[in-house]
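J.: Letter by letter, the chains look like this.
There are 2 protein chains.
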Amino acid sequence: MRLYDCKEAPNPRRVRIFLKEKRLSIEHIEINIRAGDNLKPAFLAVNPRGLIPTLELDDGTLIDEVVAICRYIEEMHPTPVLMGTDAKSKALIESRNRHVEIDGINAMTDAFRNSVPIFAKRAIQGVVEETLAIPELCQRGHAGITRFYDALNKYLSTHEFVAGSQFSIADISALCAVDFAAWIKRSIPEEHEHTQRWYAAVSARESSRA
Amino acid sequence: MRLYDCKEAPNPRRVRIFLKEKRLSIEHIEINIRAGDNLKPAFLAVNPRGLIPTLELDDGTLIDEVVAICRYIEEMHPTPVLMGTDAKSKALIESRNRHVEIDGINAMTDAFRNSVPIFAKRAIQGVVEETLAIPELCQRGHAGITRFYDALNKYLSTHEFVAGSQFSIADISALCAVDFAAWIKRSIPEEHEHTQRWYAAVSARESSRA
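Chains A and B, in that order, are what the protein sequence lines are.
Oh and the first sequence: position 42 is 41 in numbering that gives the first Met the number 0, straight run, nothing missing.
Oh and the second sequence: position 3 is 2 in numbering that gives the first Met the number 0, straight run, nothing missing.
Among the hints, erroneous ones may be present.
Claimed, not checked - Straight line, CA to CA, 27 Å or less: simulated DSS-like cross-link-like pairs of lysine-lysine:
1) B:LYS87 with A:LYS21
2) B:LYS19 with A:LYS87
3) B:LYS153 with A:LYS6
4) A:LYS87 with B:LYS6
5) A:LYS6 with A:LYS39
6) B:LYS21 with A:LYS87
7) B:LYS87 with A:LYS89
8) B:LYS89 with A:LYS21
9) A:LYS19 with A:LYS89
10) B:LYS89 with A:LYS87
11) B:LYS153 with A:LYS39
12) A:LYS87 with B:LYS87
13) A:LYS89 with B:LYS89
14) B:LYS39 with A:LYS153
15) B:LYS39 with B:LYS6
16) A:LYS89 with B:LYS21
Simulated from the structure, these hints should not be mistaken for lab results.
Model the full structure from these sequences, guided by the hints.
T.: Okay, structure coming up:
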């Protein structure tokens with residue numbers, strides 16, 4: 000099993016933290032996204048969508064998309080449980096993880112990819128053809144980040160973790176999202192005490208260094 | 000168990016088809032998205048994100064997000080299997096379903112929500128505050144739809160279904176995506192014979208009428 004990875008990108012980090020929580024160590028192959036290596040023929044032969052992370056199994060099967068990769072790992076190595084134990088907890092963790100992705104990571108990605116010069120003509124991840132940045136979409140992304148942080152702080156005022164009372168994949172996604180948002184100066188607002196408390200706790204876990 | 004539903008919207012239809020494939024019949028509560036009823040206090044008390052579908056369990060637990068709802072149903076009613084049987088098939092179906100969502104449904108949603116007059120100031124689903132349509136994002140969405148259809152036809156030239164050789168949640172997502180795209184005159188290109196063959200087969204299933 001080996002992981003096509005990119006050290007500085009937020010999505011592959013989600014898988015790395017997931018692996019560390021499971022105490023699994025696998026081979027990593029570094030792909031440089033800033034240099035556009037994910038859009039060159041060598042990597043497109045591995046994943047035609049040009050996206051990292053991608054997991055390659057020993058039988059050659061390729062799995063992309065963070066949560067699909069984590070699903071495979073969770074099924075093969077069930078403990079510690081990161082995606083729920085029964086129908087209800089699995090569904091609620093999946094729902095909360097999607098809130099982080101849709102309301103948080105997607106808004107951050109819109110704000111980031113539509114503003115930084117290096118991606119001015121590559122405004123969508125994994126798309127080979129020229130795609131121009133849209134300044135209004137960067138603004139829309141920033142408004143989304145504000146909503147995401149407000150909702151997260153409210154949720155964490157009554158829950159220990161992002162999906163209830165147990166650490167889960169949703170915390171991993173949110174931690175990577177928050178650290179990603181710092182790139183565009185959108186760290187957790189200082190006054191969001193509940194999110195600050197949560198962030199301190201999850202950042203103190205050994206896995207966060209992945 | 001009851002479902003907050005909207006007859007004409009593509010995402011709740013994915014859950015309705017999933018339920019029909021499982022031969023389950025549950026209570027439905029209709030919410031009118033065009034009239035903005037999903038953004039009014041009564042529904043926001045059910046789901047603060049203002050999104051449909053939302054599933055309410057008999058114990059009052061609320062689950063939103065299509066795939067999280069389907070996960071709950073799949074776990075409670077495993078047959079017929081729609082989300083995989085082992086680690087590899089679960090991961091591959093999840094990956095393919097996400098391709099449909101990210102490359103297909105998201106592009107279609109960008110093209111639709113940023114062009115139709117009724118959503119000119121409500122360009123993101125579920126967001127209460129005014130969000131103006133972005134014409135360039137509509138164009139970007141249309142380019143994404145073209146890429147999605149090209150990749151789908153290529154995949155279906157060597158696979159019977161959207162995620163391999165078995166009907167799955169990925170077919171349900173893709174069927175609803177294709178029928179949604181017809182609203183903005185982006186039906187399957189006539190020359191895409193493999194996608195046409197697949198579409199005829201999945202549309203002929205009784206569940207497609209949900």
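J.: If a hint holds in the structure, say so; if it doesn't, say that too.
T.: Checked hints:
no.: 1; hint: B:LYS87 with A:LYS21; result: 18 Å, holds
no.: 2; hint: B:LYS19 with A:LYS87; result: 21 Å, holds
no.: 3; hint: B:LYS153 with A:LYS6; result: 32 Å, violated
no.: 4; hint: A:LYS87 with B:LYS6; result: 25 Å, holds
no.: 5; hint: A:LYS6 with A:LYS39; result: 18 Å, holds
no.: 6; hint: B:LYS21 with A:LYS87; result: 18 Å, holds
no.: 7; hint: B:LYS87 with A:LYS89; result: 18 Å, holds
no.: 8; hint: B:LYS89 with A:LYS21; result: 19 Å, holds
no.: 9; hint: A:LYS19 with A:LYS89; result: 21 Å, holds
no.: 10; hint: B:LYS89 with A:LYS87; result: 18 Å, holds
no.: 11; hint: B:LYS153 with A:LYS39; result: 20 Å, holds
no.: 12; hint: A:LYS87 with B:LYS87; result: 22 Å, holds
no.: 13; hint: A:LYS89 with B:LYS89; result: 14 Å, holds
no.: 14; hint: B:LYS39 with A:LYS153; result: 20 Å, holds
no.: 15; hint: B:LYS39 with B:LYS6; result: 18 Å, holds
no.: 16; hint: A:LYS89 with B:LYS21; result: 19 Å, holds
Of the numbered hints stated above, the single one contradicted by the structure is hint 3.
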